[in-house]
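2 protein chains.
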Amino acid sequence: MIDQFKQWFADHRDTIYDDFFAFLKFASISTDPAHKKDMLACAGWLQKYLETFGFQTELWETSGHPTLYGENLSAGPDRPTLLFYLHYDVQPVTPLEEWNSPPFEPTVKEGKVVARGAVDNKGQCFYTLTALKAFHALSKKLGINVKLCIEGEEEIGSEGLSGILDAKKEKLKADYFLVIDFDMLGEKQPAITLGMRGITTINISCRNSTVDLHSGSFGGFVVNPARALMRAVSVMWDDEGKVTIPGFYDKVKSFQKEELEEFAWDVDPKDLAAPFKVGAFAGESGYSLLESNWIRPVLEINGMSSGYTGSGFKTIIPAKSMVKLSCRLVPDQDPKEILSLIADFLKKKLPAGIDVELELGHGSRGMITSPHSKLAEMTAQAFEEVFQTSCKKVLCGATIPIVPELAKVSGAELVMTGVGLAEDGMHAPNESFGLERFEKGFLSIARIVEILSGE
Amino acid sequence: MIDQFKQWFADHRDTIYDDFFAFLKFASISTDPAHKKDMLACAGWLQKYLETFGFQTELWETSGHPTLYGENLSAGPDRPTLLFYLHYDVQPVTPLEEWNSPPFEPTVKEGKVVARGAVDNKGQCFYTLTALKAFHALSKKLGINVKLCIEGEEEIGSEGLSGILDAKKEKLKADYFLVIDFDMLGEKQPAITLGMRGITTINISCRNSTVDLHSGSFGGFVVNPARALMRAVSVMWDDEGKVTIPGFYDKVKSFQKEELEEFAWDVDPKDLAAPFKVGAFAGESGYSLLESNWIRPVLEINGMSSGYTGSGFKTIIPAKSMVKLSCRLVPDQDPKEILSLIADFLKKKLPAGIDVELELGHGSRGMITSPHSKLAEMTAQAFEEVFQTSCKKVLCGATIPIVPELAKVSGAELVMTGVGLAEDGMHAPNESFGLERFEKGFLSIARIVEILSGE
Numbered sequence: 001m002i003d004q005f006k007q008w009f010a011d012h013r014d015t016i017y018d019d020f021f022a023f024l025k026f027a028s029i030s031t032d033p034a035h036k037k038d039m040l041a042c043a044g045w046l047q048k049y050l051e052t053f054g055f056q057t058e059l060w061e062t063s064g065h066p067t068l069y070g071e072n073l074s075a076g077p078d079r080p081t082l083l084f085y086l087h088y089d090v091q092p093v094t095p096l097e098e099w100n101s102p103p104f105e106p107t108v109k110e111g112k113v114v115a116r117g118a119v120d121n122k123g124q125c126f127y128t129l130t131a132l133k134a135f136h137a138l139s140k141k142l143g144i145n146v147k148l149c150i151e152g153e154e155e156i157g158s159e160g161l162s163g164i165l166d167a168k169k170e171k172l173k174a175d176y177f178l179v180i181d182f183d184m185l186g187e188k189q190p191a192i193t194l195g196m197r198g199i200t201t202i203n204i205s206c207r208n209s210t211v212d213l214h215s216g217s218f219g220g221f222v223v224n225p226a227r228a229l230m231r232a233v234s235v236m237w238d239d240e241g242k243v244t245i246p247g248f249y250d251k252v253k254s255f256q257k258e259e260l261e262e263f264a265w266d267v268d269p270k271d272l273a274a275p276f277k278v279g280a281f282a283g284e285s286g287y288s289l290l291e292s293n294w295i296r297p298v299l300e301i302n303g304m305s306s307g308y309t310g311s312g313f314k315t316i317i318p319a320k321s322m323v324k325l326s327c328r329l330v331p332d333q334d335p336k337e338i339l340s341l342i343a344d345f346l347k348k349k350l351p352a353g354i355d356v357e358l359e360l361g362h363g364s365r366g367m368i369t370s371p372h373s374k375l376a377e378m379t380a381q382a383f384e385e386v387f388q389t390s391c392k393k394v395l396c397g398a399t400i401p402i403v404p405e406l407a408k409v410s411g412a413e414l415v416m417t418g419v420g421l422a423e424d425g426m427h428a429p430n431e432s433f434g435l436e437r438f439e440k441g442f443l444s445i446a447r448i449v450e451i452l453s454g455e
Numbered sequence: 001m002i003d004q005f006k007q008w009f010a011d012h013r014d015t016i017y018d019d020f021f022a023f024l025k026f027a028s029i030s031t032d033p034a035h036k037k038d039m040l041a042c043a044g045w046l047q048k049y050l051e052t053f054g055f056q057t058e059l060w061e062t063s064g065h066p067t068l069y070g071e072n073l074s075a076g077p078d079r080p081t082l083l084f085y086l087h088y089d090v091q092p093v094t095p096l097e098e099w100n101s102p103p104f105e106p107t108v109k110e111g112k113v114v115a116r117g118a119v120d121n122k123g124q125c126f127y128t129l130t131a132l133k134a135f136h137a138l139s140k141k142l143g144i145n146v147k148l149c150i151e152g153e154e155e156i157g158s159e160g161l162s163g164i165l166d167a168k169k170e171k172l173k174a175d176y177f178l179v180i181d182f183d184m185l186g187e188k189q190p191a192i193t194l195g196m197r198g199i200t201t202i203n204i205s206c207r208n209s210t211v212d213l214h215s216g217s218f219g220g221f222v223v224n225p226a227r228a229l230m231r232a233v234s235v236m237w238d239d240e241g242k243v244t245i246p247g248f249y250d251k252v253k254s255f256q257k258e259e260l261e262e263f264a265w266d267v268d269p270k271d272l273a274a275p276f277k278v279g280a281f282a283g284e285s286g287y288s289l290l291e292s293n294w295i296r297p298v299l300e301i302n303g304m305s306s307g308y309t310g311s312g313f314k315t316i317i318p319a320k321s322m323v324k325l326s327c328r329l330v331p332d333q334d335p336k337e338i339l340s341l342i343a344d345f346l347k348k349k350l351p352a353g354i355d356v357e358l359e360l361g362h363g364s365r366g367m368i369t370s371p372h373s374k375l376a377e378m379t380a381q382a383f384e385e386v387f388q389t390s391c392k393k394v395l396c397g398a399t400i401p402i403v404p405e406l407a408k409v410s411g412a413e414l415v416m417t418g419v420g421l422a423e424d425g426m427h428a429p430n431e432s433f434g435l436e437r438f439e440k441g442f443l444s445i446a447r448i449v450e451i452l453s454g455e
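Keeping their order, the protein sequence lines are chains G and S.
According to UniProt numbering, the stretch in the first sequence is residues 1 to 455, in order.
According to UniProt numbering, the stretch in the second sequence is residues 1 to 455, in order.
Hints were generated in silico from the structure; no laboratory data involved.
A few of these clues could be false.
Identical chains blur together in the list; that is why a pair holds if it fits in one copy or across any two.
[Stated by the list, open to error] Straight-line C-alpha distance at most 25 angstroms; calculated DMTMM-like pairs for lysine to aspartate or glutamate:
#1 LYS6 x GLU61
#2 LYS277 x ASP355
#3 LYS277 x ASP212
#4 LYS169 x ASP271
#5 LYS112 x GLU58
#6 LYS314 x GLU98
#7 LYS270 x ASP212
All values derive from a computational prediction rather than experimental measurement.
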């Protein structure tokens, strides 16, 4: 079956890449208002493209950038429905000077296309669409109904799409839900992801004077807001790497051994970190490094600043200090509850008299889904056929906040997957995507659809 | 006696201010190489000025900006010698947009002259010189020899002057040594300063990856260098505000009650901090706030940074983190020893595998001198006559690193004083100096010289 798609791809390679590169050329940077026009042009182009292979489309207005919805319900109401989640927005390109070719002029080099969005998510989106186009081109009957939800705000928190989910509930109903925005474990090792951690964020600022003070004239009697904040934050962990905030672990889901045993616990996180020359590793005591990333919540410092940070020295008691914290959450932890535990803790630990400002984020919940669902089994089967090796089942320490919401609204079995690799440099300069992997992605999607169609 | 000087000042007010403002017009910013010419022009102008009232001068080359030396030894070798320390360099003017008038165009407003250096130290320097000029103009015999050491690198650490002290030892020998670079306790409350804390600085940087990492993909197993550094630094103090670094207090001089009882312990540090709306105060347990600032060493955070610090949120494990620390030291604490204690402590507290870089500063010692020296008594007497109120004797939590070195080389009794006020905004935009205070400063110096001369 795969051979037929392979042949079609070979016969139409030039057209496929011409279209893909046209898609990559839109500077669809969602975070930058200056690119609003590019966003709309990109969504419009994609809408027309979908219509060339049998999809009916709608451009959904949101509070931000529009979501492109497409459907091909030709299989009929008694057949199952598969929903894909993809996104057409990309990250900013800074620092521009580190790019070897212009980020929105796709350039092929050593078998890879280099461009912003090459993999995240335009590349993953486009091989998915190309697979659906192949069914149309080959006049192969779709044995399932297919829905596409291609949003424009994944890189900026998906607020727009989140805001219209209720209104679009019926449209998004499905039996199977594939999120194609994930990585493989290695060039030859496909994987499907069956759980994600949630997230919540908090910014804390402290101020104890209108301006920076002379550290000689004031040091010893004025509370230093850098020291006060550092002290309050640093006791949020004990020596074992456990979070000390009362109640933090109260609702942490504990898994049955059987629930977890299907996952690939032989993945070595140190291998994942090797490209970045990481020297020091530590997880929560009582858990492996991988467990600490996959099934345990963490609290991390994402940024901090206070006082003078340039070269040399400025002997001041800083006027203010700031720390940005975030938690990755596991199922059953409520982001709002966790935030209020952190806020309470900080208020108790920071000295009286100091001005404290807390800025609380929105947050989203973690989730885990069965490794034994029909979708999981069939997606793994497709990958195994294409890559000729067993497909690993993994969890993920990261978060796509919209996914649990979409999963709930769709009512579908969920699998998250993709053929990205850390080395593709998503979000970084010279983001790239191997064209051979693009083709394998195409084949995998085609085969998933075939299998779900009953072939 | 004061009346004679008062009258002379009144008779020559215009000339005095013309000269003072000419001095203020030089953009003698020592830290900025672009102002090298201004520095030299300023020193040259001042050299000529000294020669108009009987001083012999030398411009001493240093590794940086020159020091202007002047002497009037007409009193003869059997009379005592008084050395003044002053400086002609000033702080940078940034942020320029916050100035209401150009910083190097002295502007008189509501009885104050506004200019960079108005008080620090050109103002304090110039009333001192004007007092010496008055002796010459009034044909009053100097009963003491006077030496002037007017340096050009006070604002950048005095390395140049420090480097030539040994070579200039003989020239700098004196019986009395006045440093005119200090503040009063209030508009009507003169004070003399008889001790200063020393200083030492250290920058610590940690790195655990080549780039910032995704906090979802890596959070839980990669050591976060912000968290590691915060944790190591925050345990440098206990809950009582005491520094926990082993050995930190070992050489802290403990004073006899009698040694300290002359000092003005009724000064309220909260009053000093009031203009800056400070809300939280704390000192070392077992000591008053003022003791914590004057006679106890402190360790402070002067700056810190890590990761993303802009608006919104970026969920990363930062690649690196940085903290700037400094200690204010008391007599008998050796800056080098203290630095090595801190470095040892940090090395033990930071996790293995993380890259740690320590950048150690030079440092200088603290010092305290007798409130009962002849110079202290006579300076206080002069202030009491001019201000018609008792003069307080105080210590100072800050540091002028060159002063203990100069005191040692000169072999003289030391008093530090001046008529600055915190509200003059030294180092800040719109630095100013009240002209009435300028005149009082002039009278005080004239009277000190008279008293030391035996009148």
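| request: Please work out whether the CA atoms of LYS169 and ASP271 approach to 25 angstroms or closer within one copy, between two copies, in both situations, or in neither? | output: Answer is neither; intra-copy 41 angstroms and inter-copy 63 angstroms both fail.
| said: Checking an output row: LYS277 and ASP212, CA cutoff 25 angstroms. Within, between, both or neither? | reply: between (37 angstroms within a copy, 11 angstroms between copies)
| said: At most 25 angstroms between alpha carbons: which applies to LYS112 and GLU58, within, between, both or neither? | reply: Result: close neither inside a copy nor across copies, 33 angstroms intra and 71 angstroms inter.
| said: As a check of your reading, is LYS314 near GLU98 (CA-CA no more than 25 angstroms) within one copy, between copies, both or neither? | reply: Classified as between: cross-chain Cα gap 20 angstroms, same-chain 32 angstroms, threshold 25 angstroms.
| said: As a check of your reading, is LYS277 near ASP355 (CA-CA no more than 25 angstroms) within one copy, between copies, both or neither? | reply: Between copies only: 11 angstroms across, 39 angstroms inside.
| request: Using 25 angstroms as the alpha carbon limit, work out where LYS6 and GLU61 are close: within a copy, between copies, both or neither. | output: Classified as neither; 37 angstroms inside a copy, 81 angstroms across copies.
| Within, between, both or neither: LYS270, ASP212 at alpha-carbon 25 angstroms | between (42 angstroms within a copy, 16 angstroms between copies)
When each numbered hint is compared with the structure, violations occur for hints 1, 4, 5.
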